[in-house]
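Peer 1: Sequence:
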Amino acid sequence: MPTPRSPNLLSLYPHITARDRALLHLLDDHQVLTTDQIHRLFFRARRTCQIRLGELADLGLLDRFRFARAGGGSQPWHWTLGHQGYRFQAAAHRRPEPTLRATRQAVHRLSANPHLTHLLTVNEFFVRLTTHTHHHPGTHLDRWWSEALTTRQFRTITADGHGLWRVGDTTVGFFLEADTGTEPLTRVIAKLDRYAQLTRRGGPRYPVLFWLGSQRREEHLHRALRDRHDDVPVATATHPGDPAEAVWLTAGTTVRVPLAGLPSSHGQPVADNPNFDDDGTFVC
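Position one of the sequence shown corresponds to residue 1 (the working numbering), numbered consecutively onward.
Don't read these hints as lab results, they were simulated from the structure. Possibly wrong hints are sitting among the right ones.
Listed next, the in silico EDC-like pairs over lysine to aspartate or glutamate satisfying Cα-Cα at most 20 Å (straight line) [to be verified]:
id, residue 1, residue 2
1, K191, E218
2, K191, E147
3, K191, D231
4, K191, D230
5, K191, E219
6, K191, D227
This structure is a prediction, so every number in the text was calculated from the model and none was measured.
Model the full assembly from the supplied sequences, consistent with the hints where possible.
Peer 2: This is how it looks when you write it as structure tokens:
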């Protein structure tokens, strides 16, 4: 029996808005977002967001999954690309046409990924920064890079993400380490060795942001940082709150500063490939 053909992708184009394309691009780069995250990024009304996500799922552009919540009920919907969304993004980036089997496997692997909570935490950091720009003119998230893209471009490091945050005429680059408390602090601090190597190679001297789950974890990390004497700027904050605001505590200080107030030296814009086409920029 012949395999059924996928619907003509071109027939979906009249139904895809500019906002939809931005969402597809974001999910292509960052894999998964919850309904709440998408609402804060793109919509004013939550109900409008829910209706549109359902329509995109009916078109095959999005797929979704959710899990049972401890104590009853369900967790929020987690949204990712559907088969047609994978096809659309493959065409946009001149990648090979994905098969239905391949896209289904990708969704299944993502849903069963033991690091899914960590991935959502990383994305939440950048969602909050983007949401901040909606209410504060003169601020902008110029770059939102995933772990995969950051690693590919800087090679030496394996940050959870990289961004460029702009307030007025000030632009601060940063590397994000989203901490969920599952690793011992000795292993967390050892990650700084790779950032020191990057700086010595002439790469950017961006602050490493440790986004932590509790104030106690933050206090323990600062105690452990006292013995380090390298030239890597480090700042910490806890998950509640707005990461654009004065929540960042640098090593050896007691006063919290906003993200735009952290020290940042750009060095080479992209350490290992200065000819890279910066398609990691996200405009919302």
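Peer 1: All the hints need checking, so say for each whether the structure fits it.
Peer 2: Quick rundown of the hints versus the structure:
no. : hint        : result
1   : K191 - E218 : holds (16 Å)
2   : K191 - E147 : holds (14 Å)
3   : K191 - D231 : holds (14 Å)
4   : K191 - D230 : holds (12 Å)
5   : K191 - E219 : holds (18 Å)
6   : K191 - D227 : holds (15 Å)
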